[in-house]
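There are 2 protein chains.
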Amino acid sequence: VTDLTAVDRALIQHRCVHSRGLGASPGNPGAAPPRLPFSRVTQEDLAFFRTLLPGRTITDPDLLKSSNVDWLKTVEGNSEVLLRPKTTEEVSQILRYCNERNLAVCPQGGNTGLVGGSVPVFDEIILSTSLMKQVITFDNISGILTCQAGCVLENLSNYLEERDFIMPLDLGAKGSCHIGGNVSTNAGGLRLLRYGSLRGTVLGLEVVLADGRILNCLATLRKDNTGYDLKQLFIGSEGTLGVITAVSILCPRKPKAVNVAFLGCSSFQQLLETFQCCRGMLGEILSAFEFLDASCMSLLEKHLKLTNPITESPFYIVIETAGSNATHDEEKLHKFLEEVMTSSLVTDGTVATEATKIKALWSLRERVTEALTHEGYTYKYDISLPVEKIYDLVQDMRGHLGDMAKNVVGYGHVGDGNLHLNITSPSKDPALLAAIEPYVYEWTSKWKGSISAEHGLGLKKRNYIYYSKPSEAVALMGSIKAMLDPKGILNPYKTLPDNIH
Amino acid sequence: VTDLTAVDRALIQHRCVHSRGLGASPGNPGAAPPRLPFSRVTQEDLAFFRTLLPGRTITDPDLLKSSNVDWLKTVEGNSEVLLRPKTTEEVSQILRYCNERNLAVCPQGGNTGLVGGSVPVFDEIILSTSLMKQVITFDNISGILTCQAGCVLENLSNYLEERDFIMPLDLGAKGSCHIGGNVSTNAGGLRLLRYGSLRGTVLGLEVVLADGRILNCLATLRKDNTGYDLKQLFIGSEGTLGVITAVSILCPRKPKAVNVAFLGCSSFQQLLETFQCCRGMLGEILSAFEFLDASCMSLLEKHLKLTNPITESPFYIVIETAGSNATHDEEKLHKFLEEVMTSSLVTDGTVATEATKIKALWSLRERVTEALTHEGYTYKYDISLPVEKIYDLVQDMRGHLGDMAKNVVGYGHVGDGNLHLNITSPSKDPALLAAIEPYVYEWTSKWKGSISAEHGLGLKKRNYIYYSKPSEAVALMGSIKAMLDPKGILNPYKTLPDNIH
Numbered sequence: 001v002t003d004l005t006a007v008d009r010a011l012i013q014h015r016c017v018h019s020r021g022l023g024a025s026p027g028n029p030g031a032a033p034p035r036l037p038f039s040r041v042t043q044e045d046l047a048f049f050r051t052l053l054p055g056r057t058i059t060d061p062d063l064l065k066s067s068n069v070d071w072l073k074t075v076e077g078n079s080e081v082l083l084r085p086k087t088t089e090e091v092s093q094i095l096r097y098c099n100e101r102n103l104a105v106c107p108q109g110g111n112t113g114l115v116g117g118s119v120p121v122f123d124e125i126i127l128s129t130s131l132m133k134q135v136i137t138f139d140n141i142s143g144i145l146t147c148q149a150g151c152v153l154e155n156l157s158n159y160l161e162e163r164d165f166i167m168p169l170d171l172g173a174k175g176s177c178h179i180g181g182n183v184s185t186n187a188g189g190l191r192l193l194r195y196g197s198l199r200g201t202v203l204g205l206e207v208v209l210a211d212g213r214i215l216n217c218l219a220t221l222r223k224d225n226t227g228y229d230l231k232q233l234f235i236g237s238e239g240t241l242g243v244i245t246a247v248s249i250l251c252p253r254k255p256k257a258v259n260v261a262f263l264g265c266s267s268f269q270q271l272l273e274t275f276q277c278c279r280g281m282l283g284e285i286l287s288a289f290e291f292l293d294a295s296c297m298s299l300l301e302k303h304l305k306l307t308n309p310i311t312e313s314p315f316y317i318v319i320e321t322a323g324s325n326a327t328h329d330e331e332k333l334h335k336f337l338e339e340v341m342t343s344s345l346v347t348d349g350t351v352a353t354e355a356t357k358i359k360a361l362w363s364l365r366e367r368v369t370e371a372l373t374h375e376g377y378t379y380k381y382d383i384s385l386p387v388e389k390i391y392d393l394v395q396d397m398r399g400h401l402g403d404m405a406k407n408v409v410g411y412g413h414v415g416d417g418n419l420h421l422n423i424t425s426p427s428k429d430p431a432l433l434a435a436i437e438p439y440v441y442e443w444t445s446k447w448k449g450s451i452s453a454e455h456g457l458g459l460k461k462r463n464y465i466y467y468s469k470p471s472e473a474v475a476l477m478g479s480i481k482a483m484l485d486p487k488g489i490l491n492p493y494k495t496l497p498d499n500i501h
Numbered sequence: 001v002t003d004l005t006a007v008d009r010a011l012i013q014h015r016c017v018h019s020r021g022l023g024a025s026p027g028n029p030g031a032a033p034p035r036l037p038f039s040r041v042t043q044e045d046l047a048f049f050r051t052l053l054p055g056r057t058i059t060d061p062d063l064l065k066s067s068n069v070d071w072l073k074t075v076e077g078n079s080e081v082l083l084r085p086k087t088t089e090e091v092s093q094i095l096r097y098c099n100e101r102n103l104a105v106c107p108q109g110g111n112t113g114l115v116g117g118s119v120p121v122f123d124e125i126i127l128s129t130s131l132m133k134q135v136i137t138f139d140n141i142s143g144i145l146t147c148q149a150g151c152v153l154e155n156l157s158n159y160l161e162e163r164d165f166i167m168p169l170d171l172g173a174k175g176s177c178h179i180g181g182n183v184s185t186n187a188g189g190l191r192l193l194r195y196g197s198l199r200g201t202v203l204g205l206e207v208v209l210a211d212g213r214i215l216n217c218l219a220t221l222r223k224d225n226t227g228y229d230l231k232q233l234f235i236g237s238e239g240t241l242g243v244i245t246a247v248s249i250l251c252p253r254k255p256k257a258v259n260v261a262f263l264g265c266s267s268f269q270q271l272l273e274t275f276q277c278c279r280g281m282l283g284e285i286l287s288a289f290e291f292l293d294a295s296c297m298s299l300l301e302k303h304l305k306l307t308n309p310i311t312e313s314p315f316y317i318v319i320e321t322a323g324s325n326a327t328h329d330e331e332k333l334h335k336f337l338e339e340v341m342t343s344s345l346v347t348d349g350t351v352a353t354e355a356t357k358i359k360a361l362w363s364l365r366e367r368v369t370e371a372l373t374h375e376g377y378t379y380k381y382d383i384s385l386p387v388e389k390i391y392d393l394v395q396d397m398r399g400h401l402g403d404m405a406k407n408v409v410g411y412g413h414v415g416d417g418n419l420h421l422n423i424t425s426p427s428k429d430p431a432l433l434a435a436i437e438p439y440v441y442e443w444t445s446k447w448k449g450s451i452s453a454e455h456g457l458g459l460k461k462r463n464y465i466y467y468s469k470p471s472e473a474v475a476l477m478g479s480i481k482a483m484l485d486p487k488g489i490l491n492p493y494k495t496l497p498d499n500i501h
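Residue numbers (the UniProt record's numbering), protein chains in the order written: chain A, 1 to 501; chain B, 1 to 501.
This is chain A alone, in the form it adopts within the complex:
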């Protein structure tokens, strides 16, 4: 099944087993390790917070409930206090205090993460960015937006659209997720193919370090080569190295024309050929190339009552074009569609140019995650692979699991070589999990893929890091963590494997 040599496998498993720590459930390296010896929150601490944040220090268990559990309801913590600062200075004072008192802190944005990275594991103090929602500046010549970390992505999108710009990222959770959380996760999403990753579009960050120091790297320049690019440390580090309090980001002009095509293919090979043809013929106007399989479509129909707008097919593609000339774009799209229909790469399709219909077609892709939540329990995997390999994993997994799984579905970002593999079960099932893991990670490692393309490692995936990164790299990550957060108070139990903490 896999070409990992016996030695490779033994080495990786040794590191993974070792990294589980003594207390983790031996069958489930995604479970929490034992609580680390942080201080407990005292009445004196609460008094300090209440003075600093009057009316914004939440201790009511009912109000805390939704912040203690992740969106998927798979991970739940027991935090007894939620802090809602409005300013960077307040975040700085909170962290300085917590660091001195050895109190652990879980930074939280919109809490839409999928790997248990944004909720406390034990009684960590929740530091929420929900009241940090001010746009600071927007320059409509350069397209550079600077805002506080708690701005909701969709609100920023609306703000920009009124000014003829768009955000360089878009994702299904846009109605809830915060830009600070997006950056902490290094979220990918639906526009990465066109506008690139946040590592290129984020121009500056303001970050509060574990000891309360404010690091102002909030540049608003496209180019700046004065020393090491410190902001990159905080992009994608899931709040373990600092709390992002403000972001500056380069926003593209709003395209004058947008078209969306929803197409059906009878095999994944044909889908890949359609992708190659599409890149050649749509070129610079291609802004997304996404897919879902027939199992996803069934779940959309069953649980969300969405309607499949085309003939039933094994695979569906969502293609978006965005450009500056509607006539040219339509001509390119038309020629492309003619080519793929006459060559029978595509069996059926529909095109939308009008906003409501565009939104309806996009929802077939964006709402797959939501449809899956109605299935019971979902084991979620977010895998990068060479694009020609991505669906082989779904098929091999189906064969491997047989009747054990209720559903094995695949969807994701073809243009980025990013598969979302989801396996559902009526409820949590340790035997199923044991059949999936480490199989899925070994499979990915064999093809030099990444075991987390865009979701991050959080709590759930932290101990699998060795499948994608060599020990030297993980050890260096540990040194960086120790340098920036020597007491380990920032988002403990996340990102780094247990043998590094």
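Think of the hints as simulated: they come from the structure by calculation, not from any bench.
Take the hints with a grain of salt, since some may be wrong.
Same chains, same names: a pair is fine if it fits in one copy or spans any two.
Claimed, not checked - Pairs of lysine-lysine residues, derived as BS3-like cross-links and limited to a Cα-Cα distance of at most 30 Å, are as follows:
#, residue 1, residue 2
1, 302, 406
2, 335, 254
3, 446, 133
4, 133, 448
5, 256, 335
Given the structure of chain A, go ahead and fit chain B onto it with the hints provided.
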């Protein structure tokens, strides 16, 4: 002249003066600090290197000469040994040995840097990547190229063009510069406007750390969120944190159609309006928007005998389009030109679609640097600013310097807000330098610009870092340096200011 408050100025100058160290020439913080107490190369060391690298351990002073001096001939070192490894393993053995022996090392690529970052300051061992020139893999589906660090940029471009792809970066020095050096510098160049910075396009790096450890982060995936993105530490850190030995990079498809327009404008304001109009009308096919002023044109005519293809103008623009449909692109370009000519934003212009003529038009922009070298001594500044401010600096500098300078010229990347300000003099002139600096840095700091947009800090600019970065950020850079290279053997005297070493 500047709005820096007296307190700001005093603070920055205090840090800059402090950072010069005791031995630096007090009037010239770009000069070298005293030699640090590294070991001297002994006969025993040479014997070790000759065994490791037979025939590739160069000690002949004549052969060493060109590696001891920078391209601009402004900085010269006294290294007595140049090592030419072919493999990562050899680089690892060299560094492990040097680290144990406390020997300083200057990593060198094509030696085309403009800030004295790629030549030794004293007797550092030169570690050249010139024999590490193998392409490792190229995937013509994903466009991901993996190669050794010493590949010359132009060779990679030619390799890719045969396969219908292009490199995501292009710069004047392409015939000599190495991709490893480009990445170490975080080079910007002529295509950044379209394809973004190396922070987005570089997907993986292999790096040898100061103690010889090999860090393999040579991923070939568009997305990978498994832990901290370590490779970012080495992009733009000028060889001070590790030696890059291999690079994987995402390459765009070769555009089917390329057009270049060379236009004249009678004021910088009109040039800016042309830029705004261009972004709207050329949109996704715009791949470069560059400018030079009339003084640059005079130098091209005088020193390189190039011919101005259009009517004399105060400002010249080079616009490049790159797209997938020649007819559409020409139509967009034609409409744009019609608009800017009829509205008199542009006074004259010429367009090229044929390769030789495109090359000729581009050389008017690319060869400005070369033309300047014929003027005597050139003081070079590479400044990021809000785009509407970039030429004000040239004009203010002209007023400020009066007759002291032979020429004050401006050119650069309008699309990136990046000005190359160059001030020439028949020979080195300390009085002129004292009039330029810190004036130019204060001016830049006042507008929240960067004192190095794309050239890096190297030796020459290291002590000016505080004009663009707060002390907390510089201190953190120092901690990272200390963590990765505790003995400071890698490219000493570069990037970090003297008070951090």
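Open item on the list: Name the hints, by number, that the structure is in violation of.
Closed with: No numbers; nothing is violated.
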